[in-house]
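Trainee: Residue numbers (the working numbering), protein chains in the order written: chain A, 1 to 204; chain B, 205 to 464; chain C, 465 to 743.
Because the hints were derived from the structure by calculation, they are not lab data.
Bear in mind that the values here come from a model prediction, so they are computed numbers and not experimental data.
Far from chain B by the CB rule (all over 12 angstroms, computed), these chain A residues: (1) S3; (2) W11; (3) V132; (4) S134.
Example chain A residues on the side facing chain C (calculated, C-beta under 10 angstroms, incomplete): (5) N39; (6) V42; (7) G95; (8) S110; (9) G111; (10) T114; (11) A119; (12) V141; (13) F149; (14) L154; (15) A156; (16) S166; (17) A170; (18) G175; (19) Y177.
Just so it is clear, CB atoms sit at the ideal spot from N, CA and C, and this is done for glycine as well.
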Amino acid sequence: MTSIIRDQIPWFIAGASIIIMFGDYILDPMAVIATALRNWAVIVAAFAMGLAMVSMTIFHFRAISQRQSGWYYSICTLAGMLAMIIVAFMPPMTGSAQFNWLYKWVNTVSGQTTYAALAFWISAAAYRTLRVRSFEATLMVVAAMICMFANAPLSALLGPWKPAASWFLAVPSTGAYRGIVITSACGMIALGLRVLLGRLRPWE
Amino acid sequence: MIRSGNVLDFVVMIGLMIAIYLMMSRAEKKMPKLRRIPALDALEEAVGRAAETGRPILFTQGSGGTGTLSHPEEGPQIMSGLNVLSHLAALAANLGPRIICCVGQSDSLIPTTEIVREAYIAQGMPEAFREDDIRFLGSGNAYAFAAVDIIRTEEVAAAFFIGPFYNESLTFVFHSDDVGAMKIGGTAFTHQMPFFAAVCDYFMIGEEIYAAGAYLSGEAEELGSVVGEDFAKGFSIILIILAVAAASFGLSGFLNFMRI
Amino acid sequence: MGVAKEQKRRGNRDKIVLWGVLIILTIIPIIRPLGLPIPIDPMTQEFYNIIEDLPPGGKVWLGNAVGSGIIAEQLPGILGCATRLFEKDLKIVIFNIIDIEAETIFAQRSMPELENRGVLKEYGKDWAWLPYVPGVETALAAVAADIRATITVDHYGTPIDQLEVMEGINSVNDFDLVILFGHTTPFFAYIRQIVPSGVPFITQGLTMDLPLMMPYYPIQAKAIMKGLNGAAEYESLIGWPGLAISASDVLNTTHSWVFIAVIGGNIFYLYNTYVRREE
Chain A
1 MTSIIRDQIP WFIAGASIII MFGDYILDPM AVIATALRNW AVIVAAFAMG
51 LAMVSMTIFH FRAISQRQSG WYYSICTLAG MLAMIIVAFM PPMTGSAQFN
101 WLYKWVNTVS GQTTYAALAF WISAAAYRTL RVRSFEATLM VVAAMICMFA
151 NAPLSALLGP WKPAASWFLA VPSTGAYRGI VITSACGMIA LGLRVLLGRL
201 RPWE
Chain B
205 MIRSGNVLDF VVMIGLMIAI YLMMSRAEKK MPKLRRIPAL DALEEAVGRA
255 AETGRPILFT QGSGGTGTLS HPEEGPQIMS GLNVLSHLAA LAANLGPRII
305 CCVGQSDSLI PTTEIVREAY IAQGMPEAFR EDDIRFLGSG NAYAFAAVDI
355 IRTEEVAAAF FIGPFYNESL TFVFHSDDVG AMKIGGTAFT HQMPFFAAVC
405 DYFMIGEEIY AAGAYLSGEA EELGSVVGED FAKGFSIILI ILAVAAASFG
455 LSGFLNFMRI
Chain C
465 MGVAKEQKRR GNRDKIVLWG VLIILTIIPI IRPLGLPIPI DPMTQEFYNI
515 IEDLPPGGKV WLGNAVGSGI IAEQLPGILG CATRLFEKDL KIVIFNIIDI
565 EAETIFAQRS MPELENRGVL KEYGKDWAWL PYVPGVETAL AAVAADIRAT
615 ITVDHYGTPI DQLEVMEGIN SVNDFDLVIL FGHTTPFFAY IRQIVPSGVP
665 FITQGLTMDL PLMMPYYPIQ AKAIMKGLNG AAEYESLIGW PGLAISASDV
715 LNTTHSWVFI AVIGGNIFYL YNTYVRREE
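If we strip away everything but chain A, and leave its shape as in the complex, we get (with noise of 0.2 angstroms):
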């Protein structure tokens, strides 16, 4: 009974999924299961964050009673969970001022603040990673130089660059990109293969 559960029960979940998502590549009348299928994924997948809220909770007070190395962290951590919790039901709901000023002037800031630390780390992994060491990296680093600066409005001006430039983007660029992808979903249908016959059993 438990080998039935824990083996079984999921392996056929997971293999009814696969097919009625594939049957509804093809065929209509699958669309209205298929739907059905994604919007409960939706709701596992939202109680999946609850849950993962309730244990980050547990971690941090976990962390603040035996005063863990940072566990003043962990209080603004949970500080900040329980504000933005308490604006966003504070009435119109997410519409409230609070909830807009919180989410302006912190988490938007600080997706902002994220991608703005990447010109300093493209830059440093440019500067090291670009080096003539061989051929083929004299190659690359031609290449790399061309299209970083097209980017640069100025570099319109210095005849064939831009031209240049977008032939590196428009063919090997796009010739060996579409490569991968095609490569990724070749090993993403035998991946869905293993999975389908039990070959693959993310569950155990």
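Please build the complex by placing chains B and C on the supplied structure of chain A, with the hints as guidance.
Mentor: Relative to chain A, chains B and C alone:
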């Protein structure tokens, strides 16, 4: 009843799945050989390094939000990453270093916890499993900042980044580099591949992460499925050549057939 | 060990110089704009022409998937595009699908600016703003097939059947143009769910996503505006200088510096490897 525009795709996919299945069956008689994937060969080296230095290992799969496992592009990558995690956790249970999992997707917290727990139980060390080391850090930017803090505070010896990453990828690898960690990355997201390739010590590109489970387990059927993928790729190449020739010579009949 | 330490120290020193100059070259053009020229890229011109060629009364699906991480590149683009759409005689419906933050960010950042510019027309008659629909690509597919089955009220809570602009609009097929602002996830979702309908589709891509989007140009995506550059070019075409034009000087200076730094780094590397080694 039948969706137009998808018929040929559907038939081709069925054909590819049959080919992959045949390769899986054939593999039981003759074990196929895969080329080396350095990133996966380095798993043991990385765990050993962590054990020697007494520092932990970090495993993370990128940010996401709700519904990541059911996302068409993120879900398979997360599953592949969890495959690698099961082998990684077994190695960690055997050799001793702590394994800290930073989870950025709410729906993969439970699978991650169970996979690591099962690995420790299988190695006969259930008491060594620390549930506190499997941490859900929120999603998006909160997850990125928190994971960086863990990398720096714990001074991880090895960091594994396998899954769907977005703009936080470069932040992670740079901070891991700062603490002297060995970095092993893998993603099928083409927009993050250059960043991983630039800074990681070892890196898996695209389908290598999907083949990771087969490569690490060494089981005949799983290896056979990877061989089947190669057949699928070969078929795709033939199809592309035919389509390019048809478009070049104006064979509209063939092109219309491909649009069925 | 000593060599490794020395290398790390040198690496840190290089990083400090690299980042220090980068910060200075970012701040100077912001404080004192340099006014460098902005030549127009053919793809931006195509993006502009497609919108200009829309007939009076044309219906536009404006897809907003601008989250907090991509505000810097996409916000100027969506602002400029929305400004131009409102200036023309068009019916605009703003959809917030895929990105959960997009609706809030549009309300906080784009709407006040559009109100300042005085371009907003009569709500309900000329344009509508629909709320976020959870479900990523599933939601997009559902909305594209039947809007009213998925969305019943607009952003303000008004039933969409009461909006004059929504008359005769039931699915994506009723639109003359679909425009998307977002990153790769919404882009690929639109390619799969919207493009098969046959409605022309144009988009603005992030600079780093361009290699991924280019395979779909010009068949699936009729025009792709290239990141912040493209947004600056579009602002100069429509005559509304904004955030993108003000950032174009920064793009010029910072890209030039990284270019020089990489060239310089390679010169030092070759000198150390071949010249100093011989000595």
